[in-house]
Structures are given as structure tokens and as C-alpha cells.
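Student: Given chain G, work out where chain A should sit, using these hints.
Heads up: the sequence lines are chains G and A, in that order.
At position 107 of the first sequence (counting the first as 1) the number is 107 in my numbering, and the numbers step up by one without a gap.
Take any residue in the second sequence, note its place counting from 1, add 283, and you have its number in my numbering.
In short, the hints are calculated from the structure, not lab data.
Treat the hints with care, since some could be wrong.
[Unchecked claim] Computed list of lysine-lysine pairs in DSBU-like fashion (alpha-carbon distance at most 35 Å, straight line): (1) K320(A) / K477(A); (2) K187(G) / K321(A); (3) K293(A) / K357(A); (4) K401(A) / K175(G); (5) K187(G) / K487(A); (6) K357(A) / K187(G); (7) K353(A) / K105(G); (8) K401(A) / K277(G); (9) K105(G) / K357(A); (10) K175(G) / K418(A); (11) K435(A) / K175(G); (12) K309(A) / K168(G); (13) K175(G) / K477(A); (14) K175(G) / K430(A); (15) K168(G) / K401(A); (16) K187(G) / K436(A); (17) K353(A) / K187(G); (18) K486(A) / K187(G); (19) K105(G) / K309(A); (20) K376(A) / K408(A); (21) K435(A) / K187(G); (22) K175(G) / K409(A); (23) K307(A) / K168(G); (24) K418(A) / K187(G); (25) K307(A) / K105(G); (26) K401(A) / K187(G).
[Unchecked claim] Derived DEER-like restraints, expressed as beta-carbon distance ranges: (27) M271(G) / E480(A): 48 to 56 Å; (28) Q119(G) / K436(A): 28 to 36 Å; (29) K487(A) / M271(G): 56 to 64 Å; (30) N102(G) / K430(A): 36 to 44 Å; (31) L27(G) / G332(A): 53 to 61 Å.
[Stated by the list, open to error] Covered stretches of chain G (in silico footprint by chain A; criterion: 3 or more residues with CB under 8 Å from a CB of chain A, positions within the stretch not fixed): (32) 171-182; (33) 192-201.
Beta carbons are placed, not taken as given, at the ideal position from N, Cα and C, and that holds for glycine.
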Amino acid sequence: MTARPIKNSIFKGAVIVFSLIAITPILLIIYELVRKGYKQINISFFTEVAPSTWDAMMANNNGELIPGGILNGITGTLLMVFVASIIAIPIGLITGIYLYENAGKRYANVIRSISDILQGSPSIVIGIIGYFWVVKYITNGFSALAGSVALAIMMLPLIIRSTEETLKMIPQTIKEAGLALGVPYHKIIMRVLIPTSFSGLVTGILLALSRVIGETAPLLITALGSPMVNFNLDKPASAVPLLIWEFYNDPNMVNLIWSSSLFLVVFILTMNLISKKIAPKKN
Amino acid sequence: MNSSIIEIKKPIISIQNLSVSYEKGKNAVNKVTADIKKNSITAIMGPSGCGKSTLLRAINRMHELYPNIKTEGKILLNDQDISRLSLIDLRRKVGMVFQHPNPFPSMSIYDNVISGYKLNGIRQKKSKRDDIVEKSLQDVALWSEVKDSLFKKGNFLSGGQQQRLCIARALAFEPDVILLDEPTSALDPIATSKIEELLVKLKKDYTIVMVTHNMAQAARISDQSIFMYLGDLIEYGKTKVMFTNPSDKRTEEYLTGKFG
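Chain A with its partners taken away, still in its complex shape:
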């Protein structure tokens, strides 16, 4: 199986022998080893229930919310074991964007962007806060659309705008890595293409790992692709190579629509 895994030099994230199980003896993610390349987009794909979201959520220890989930193996972020980092430090370095846009409904657009600092009690001068908010919203190309209503609640925004607001909220922490869990599956095609454009632009400064069940999307924007099936990492390679010449039969069958 190792033949179908590419080698990455100086990875930003190194997943080593990672297993995650929801119930005893049944691994949702089974001994996965993979390195993630810096400043690139890595797509994790596979059919429903293959463990792709579970793998993604292990990277920022989201599973710790649920006591019945057991994790084995190691994940290194910049050569540091993430289990030794404090949750706040880890999540400042690894931001996350979810499937459904989830801005905080009780907060204004401004407060949403700065919420990571506010909720964690990290104090800053107002001018610094203003800068962070403006830069983050600029980065997601939302600034010009909302700059006049920064202090209104974000519920008048469209789904795509809300999702960009959520990305801005993750960017405000200036993370190294952004994890996206099917970020466009709840959006229409126009909003989707805007987010995709944005992600391609963002990889200059950030490392992006995204789960997608949309193969076309993975082909369009990702540099590397991971194909998972029933908890196993089947194939991991450069997206172009994998889509044109998959080395595993299951990958080929998935990509050609034989299952999934």
C-alpha cells in the first residue's frame, strides 16, 4: 500500500499511524499515515462513511469533545506532537471551517471575525482589532460587501457570504493550517466557485486541507489528493496523477463513478 503514498519533504503536518474509533474494535480511521505539504491544497475524498471527516477532525483534536471516541497514533504539526499543545494553541494554529456556515448568530459581523480573540479573552487595542477584522474580511473578499454593516448581525448575508465570514473568522487567528469540512456542499454553484477561487488564493499564505465528496472540486483546486475507503487510506498522490492514472483499482472505480 505504501507504493501509493507520495513522499512530502518538510511536511507541515505529519499524520503517523492514526486510528480513530467511535466504538470498540471498529476503526473509522484505520492506521493512516500521511504527510501534508505546506502552502498547498490537499483534498481528502471518498464515499460517505469512509472516515474522511473523522481524519480531518483529528488534526485539530475536535474529537476530544466526545469522550467515547478513541484516538491512537500521532499527529505532528511543525514537528510538535499536537497532543502536547494546549487546545487554544493548537486551534490558533489550525483553523476550521464547517459544512454549514455557522457564524455566531448573536454577534455582529465584526464580533464574529474577532470572536476567536474575544471568546478566549485575548485583549487587544482597538486599532489592532480593526486591522485584523479588515484584513481577514479583505482576504475572503467580503470587505467591500460588508464594510458598511460591520456592526450588524450577519443573518442578512447569503449562505456563500456567511461561509466566507466563517473563513474570515478562522483566518483572523492567522493559523498555519485551515481545515475545511465540505465547505461548499451547502452552497450554490456561484458561491462555490467564489470559495474555490478564494482557497486557491489563500494557499499562498496558508496550508489548506479540505474534505470534499465533490470529485470535480478536488480535481479543480487541490494539489494533492487523498482517497479513503472504509477507514483506510487507499491512495495519496498528486491530484493530476491520481485523476489521470490512479494506481489502485478502488480509486479508479471511485473516480469513474462505479461506486460512491
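Same shape as in the complex, but just chain G:
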């Protein structure tokens, strides 16, 4: 008779302990990033480009903070993510609507499977596609455009899936209400379904963005990286994760790894929180 409450409390204890174990690495990572990274985060961190090895070495020898910042990375990331969004959002939304409208049809199933395969593809492979399509034939050299295309390809399946799933959440009766008023089908999609699912669609897009902002591998072989602020799509550009990779390869820049990583994590975390906030609430 007393065994049951004891078993219950053992189980409850186990659940709590294992949950704590699960979140420990995350907390440790954030702790580590803050501890080692906060010193380098100041105004010049956001307003100056990455320093030269020489400057960094001198600063390290004198026990000073490393000068410069990651402005070239921030601008490059914003530029490429922006262009990638322009490419991926319309195509992703329209494909998602198509899949929702034709659920169960063969052609739609094929597209859905391809989109899933794309989502599972290693990002370096997508980078190589960007390299062959854009770097070799369009810009004839590493370029921000190539990076944008690679990121766009990575965003596509995420937006397609989230659009389809969001639209599926709308009750069929809302669609019928429109039809019963004699509203043409395309107008029901544009003026009823999309506004109704708007917050869900935005959430999906934000999650796709935060997913690709941290991508390094596909950018290494497309955008390459640049020591300067560059808004020319034709030329190589940097990105925050690319800078982290460069800092990692330079023993003098170690301190900047932590601050840039902290910046990137906080940035992505913020986007995730925003998307959670506006996500449609389930009844």
C-alpha cells in the first residue's frame, strides 16, 4: 500500500534529475560564452571591422583588449540573409500553399519528399551547389550572391514545411465560410487563409532565418569571407560565423571567438524568442 507513493516520488525525482542533466550543457555553454566573451563586447565591436593579426598580436602582448570588431561579419550576414529571404520566402510560401491545397496528390507528395531530402542534406553539400551554380557560372568568383543562394536553398524546405503545417491548422470550416459567400478560391487563399495564419507563417520564416544565420560551411565555399564591409553582391563577403572560423584559425584572435559566438547565440536566441512570442497559440 505504501509502495505506490514511493515509486511515484522515485520516478518524479528521476525525471527532474535527467531534465537537469539535459539542460546542463546548454547552461554551461552560455556561461562560458558570457564569462569569456563579455570583455570584448563594446561599441567598437559593432562599429569596426575585424582587426589584422598584427594589431591583435600587439594588443595581446600589451595585455590590452583586441581592437576592432565584427562589423564586416554583421553587415555580410545581414546582406546575405536579406537576399536569401527575398529568394526563399516567396518560393517557400507559394510551394507551401501548393502542398496544402493538393495534399495527398502524387505530384505534391513528390515535392514534399524532395523538400524533406533538401532539409536533410548536409549544409556543405548545399554550399557546393551554390559554388557550382553561382560562383562558377554567374559571378565568376566567390560572392555574397553565391552565399545568399546557398542560404536560400537551406531556408526553402523549412519555410515550405512550416507554411503547409500552419495552413493545416486552419479549420476547413473557415474555408467553407468563404466559399459559401461565393468568393473565388484564389481570394480565399490570399484574403482569408493567409491573414488567418499570418503569425504562424512569420514564425516559420523567423525560425528558418535563425537556422541559417549560424551556418558556416556553405558560406566558406561561396561567400568566402572578406576583411571589409561589402554590400556588393558580386564580391566576397564575410559573415559572423565565418569570422568565428577565421578567429579560430588565428591564435591571436582567440578572445574574439568568444565575444562573436556570444553575439551570434544571443542574436539567434532573440529571434527564436520573438518567433515563440508571435506563434499562434493552440486552443
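Tutor: Positioned in the frame of chain G, the structure of chain A alone reads:
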């Protein structure tokens, strides 16, 4: 079987030999012929799966949404074949209210009422729009409850209020006929009685056809009743006659609760 069908003079809707099938060789509605009387409430009842909703939805060609549904026979609305009308014309004349209240969640109460015009791109002066919204909401006795929050989204309304809003949306088009598909089955008894009161009031200006599985409701508010079973129209008559003296044995068994 024709003996159990009443004759209606100058019907507003005339259903002639209508069959609807979801899959080949299986009719959900089987050769139904019935006339609907103007300015009255006609209830369609029967057990689940008898084809009552299918019959109702044929009247405003809702089935065309699903390509696998085949419809045969004819439906005349004011002596016009509905298959020759454009969908927008037909649905302006035949409004529909569904089982679950379904106001457009992204629109304000005002926009919901006027949505038929807005979504179809029918332009109107603002004063005319205001009039339509006020009149429609007055008609469903919702005006006094929502007149201060017309431009808020309707999600704070109760289920019954939302359903009345949906009726107002259908009335805004000034249709000839309103089709209701079990309009109160998702509502509580108080909201139900309000809607029933409303329907009785509305029949002065509109013809109402409603599907219900609630026999008491059909008895309370309808003038004519159609009883369907397994896709066939079994009996169609004045509600009072049918409930007191049904001519078909199956109707009697259904009404006395032997099945259904």
C-alpha cells in the same frame, strides 16, 4: 412514395430527381424530388449518414469544391436552373450557415458582416456599408451587444454570438434563401433558443432550409419537414401532420426513437 410528398404551390426552390454520389454507384442522395415553400422554415432530418447535409449543400453547389462528388438531376431557384448561375450570383441568393460558428478570425466584427462584399470586390459607399452592417446585426439581435466593439476581432464573442454573427454575414447579402447545417448543435440550450427565435422571426423575409438531427427543434420551429433515410426522401409534409401522424413506418420509428 409520392403519396408522402406534399405539393407546394409556387415553390422558391424546386429539387428535381437529385442524386449526389461520393463514390461511383453509391448515392448519398438518391433521386430526391422536393419543392421548398417560400417564407417558411423547412427542416431536413434523419439519422446520421442519411444524406441530409449532402442534400442541403447541393442547393448552393457547395459540392463543386470536391471534384470526386457527382451530382445528377436539377435544382431550380425561382425557376432558374442553379447550374447556369454563376457561383457568386447563386451564393448571393442562397446564404449558408454551418454547424460550427466560423467567423473569419482575422477580421473585425464589422468586416465579417461585410466580408461577402469585400472579398468579392463589390464596392460600396461607406454609408451604405454601415447601413448593411447595422441592419444585418439588428436582424440577428446582435447589434446592441457588439455596437461598441464593431472594429474588434470577434474572438471574444460567445459561441452563440459567433453563430449569430455568421447568420448576419449571410443576411448581409440579402439572400432569398438561407441554408443552415445543424446551426445549433455546437451551442448550449440558451444560445440555441435564441437562434431558434431568430429563425422564426427571419422567415418573414427569407426562406429557411435547415438540417437538424434534433427532432424537438424541427417540431418547434419548422413549418415543413423532410425525413430522409439512407439517401432516400422517405416523407415530406407539414411538420404538425408528420409529427402527429406520419404516413411512413420508418418516419414513425425514427420519430418515436426506435432508431437514429
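Student: Indicate, hint by hint, whether the structure satisfies it.
Tutor: Verification of the supplied hints:
A threshold of 35 Å between alpha carbons decides the hint, and for K320(A) with K477(A) the separation of about 24 Å falls inside it, so the pair holds. A threshold of 35 Å between alpha carbons decides the hint, and for K187(G) with K321(A) the separation of about 33 Å falls inside it, so the pair holds. A threshold of 35 Å between alpha carbons decides the hint, and for K293(A) with K357(A) the separation of about 17 Å falls inside it, so the pair holds. With a C-alpha separation of about 16 Å, the suggested pair K401(A) and K175(G) falls inside the 35 Å cut-off, and the hint holds.
Of the supplied pair hints, the one linking K187(G) and K487(A) holds, its CA atoms being roughly 33 Å apart against a limit of 35 Å. Our distance criterion of 35 Å between C-alpha atoms is met by K357(A) and K187(G), whose separation comes to about 29 Å. A C-alpha spacing of about 20 Å is found between K353(A) and K105(G), which places the hinted pair at or below 35 Å, so the restraint holds. For the hint pairing K401(A) with K277(G), the CA-to-CA distance comes to about 31 Å; that is within 35 Å, so the pair holds.
A distance of roughly 31 Å separates the Cα atoms of K105(G) and K357(A); the hinted pair therefore holds under the 35 Å criterion. Distance hint between K175(G) and K418(A) is fulfilled; the C-alpha atoms sit about 25 Å from each other, no more than 35 Å. For the proposed pair K435(A) and K175(G), the alpha carbon gap of about 21 Å is at most 35 Å, so the pair holds. With a CA separation close to 30 Å, the supplied pair K309(A) and K168(G) stays within the 35 Å bound.
For a cut-off of 35 Å, the pair hint linking K175(G) to K477(A) stands: about 26 Å separates their Cα positions. Note on K175(G) and K430(A): the hinted pairing holds, with a Cα-Cα distance of about 27 Å set against a maximum of 35 Å. A C-alpha spacing of about 25 Å is found between K168(G) and K401(A), which places the hinted pair at or below 35 Å, so the restraint holds. Simply put, K187(G) and K436(A) have alpha-carbon atoms about 20 Å apart, close enough for the 35 Å limit, and the pair holds.
Annotation: proposed proximity of K353(A) to K187(G) holds, straight-line Cα distance about 25 Å (limit 35 Å). About 32 Å separates the Cα atoms of K486(A) and K187(G), which keeps this hinted pair within 35 Å; it holds. For the hint linking K105(G) to K309(A), the alpha-carbon distance of about 23 Å falls within 35 Å, and the restraint holds. Our distance criterion of 35 Å between C-alpha atoms is met by K376(A) and K408(A), whose separation comes to about 22 Å.
Annotation: proposed proximity of K435(A) to K187(G) holds, straight-line Cα distance about 23 Å (limit 35 Å). This hinted pair checks out: K175(G) and K409(A) have alpha carbons roughly 27 Å apart, not beyond 35 Å. Of the pairs offered as hints, the one joining K307(A) and K168(G) holds, with about 29 Å between alpha carbons and a cut-off of 35 Å not exceeded. For the suggested pair K418(A) and K187(G), the alpha carbons sit about 26 Å apart, so the restraint of at most 35 Å is met.
As the CA atoms of K307(A) and K105(G) are separated by approximately 20 Å, the hinted pair is consistent with the 35 Å bound. Taking the CA atoms of K401(A) and K187(G), the gap is about 10 Å. The hint holds against a cut of 35 Å. Take M271(G) and E480(A): their Cβ atoms lie about 52 Å apart, and the range 48 to 56 Å holds. Taken as a hint, the range 28 to 36 Å holds for the pair Q119(G) and K436(A), whose Cβ atoms sit roughly 34 Å apart.
Distance hint for K487(A) and M271(G): a CB-CB separation of about 57 Å, consistent with the stated range 56 to 64 Å. Checked against the hint of 36 to 44 Å, the pair N102(G) and K430(A) passes, with Cβ atoms roughly 43 Å apart. Checking the proposed 53 to 61 Å range against L27(G) and G332(A) shows it holds: the Cβ atoms sit about 57 Å from each other. Chain A is given as covering the segment 171-182 of chain G, and this holds because 10 residues of the stretch bring a CB closer than 8 Å to a CB of that chain, at least three being needed.
Coverage of the segment 192-201 of chain G by chain A holds in this model, with 4 residues showing a Cβ closer than 8 Å to a Cβ of that chain against a need of three.
Violated hints for the displayed structure: none, as all numbered hints are satisfied.
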